[in-house]
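Protein chains: 2
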Amino acid sequence: MSTNPQLDEILDGLRKIQGIHGTALVEKYGLVSGQALPAWIDAESLGAMVNLIVKASARATRELAQGEFKSAMIDNEKGRLIFTALGSKILIIVATPNVAMGILQVKLQTAAQAIYQLGIT
Amino acid sequence: MSTNPQLDEILDGLRKIQGIHGTALVEKYGLVSGQALPAWIDAESLGAMVNLIVKASARATRELAQGEFKSAMIDNEKGRLIFTALGSKILIIVATPNVAMGILQVKLQTAAQAIYQLGIT
Chain R
677 MSTNPQLDEI LDGLRKIQGI HGTALVEKYG LVSGQALPAW IDAESLGAMV
727 NLIVKASARA TRELAQGEFK SAMIDNEKGR LIFTALGSKI LIIVATPNVA
777 MGILQVKLQT AAQAIYQLGI T
Chain Y
677 MSTNPQLDEI LDGLRKIQGI HGTALVEKYG LVSGQALPAW IDAESLGAMV
727 NLIVKASARA TRELAQGEFK SAMIDNEKGR LIFTALGSKI LIIVATPNVA
777 MGILQVKLQT AAQAIYQLGI T
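For the protein sequence lines, the chains are R and Y, in the order given. Okay, so the first sequence: first residue is 677 according to my numbering, each after it adds one. Okay, so the second sequence: first residue is 677 according to my numbering, each after it adds one.
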């Protein structure tokens, strides 16, 4: 939950997609701006993870001249993590390993656009 | 380059795929076991990046009960980084943003199998 009901609605919508455990909007330094997470996922730890990914990407930007971070996907044995840059924030999705990526990409695009229009990123 | 000519051959083969800048086999703590990288990519920095990704994933394993790290992909504005777990090591590929993933996935699978058979992972 956040102090922004429109953001909560968008995040809740993403969470309802099959194969999605939860989602959160995180500032690059790890602070959580909004979330729709199940009780077993700690928002603060998730924020710290996002911070690590952004750090790794910032290093890539410097060393490999790869430009701005756009998105990332981490596949673990029992889950998939999807990170999407939205202005100065990151949308993270915690999913099952076999989540249907085609459907998710479309809904993610729509949600990203809607969040962008809230003017909070 | 490494002290293993068979590993060098496999990594060189991957590097020849269109859209691939270079590739390296890295120990989880960042030490580079072998590489086929262009002069502008510093192997040590690449090793450090791999270490950051593995750290982020280890945190996911702990906090989200996601099990072992399998693979990751980071999309930046001007490049794509692809990480694949091979036993205790990580194969990293530095690619252009528009690299053809279908072809790459097939060749990556073959290379991973060949590296695995060298008994060094």
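These are calculated hints, taken from the structure and not from any lab test. Among the clues, some could well be false.
Identical copies look the same in the list; a pair holds intra-copy or inter-copy alike.
[To be verified] Straight line, CA to CA, 30 Å or less: simulated DSSO-like cross-link-like pairs of lysine-lysine:
#1 746 <-> 704
#2 704 <-> 783
#3 731 <-> 746
To see whether the hints hold, each was checked on the structure:
no.	hint	result
1	746 <-> 704	both (13 Å within a copy, 25 Å between copies)
2	704 <-> 783	within (23 Å within a copy, 34 Å between copies)
3	731 <-> 746	both (13 Å within a copy, 20 Å between copies)
No hint from the list above goes unmet by this structure.
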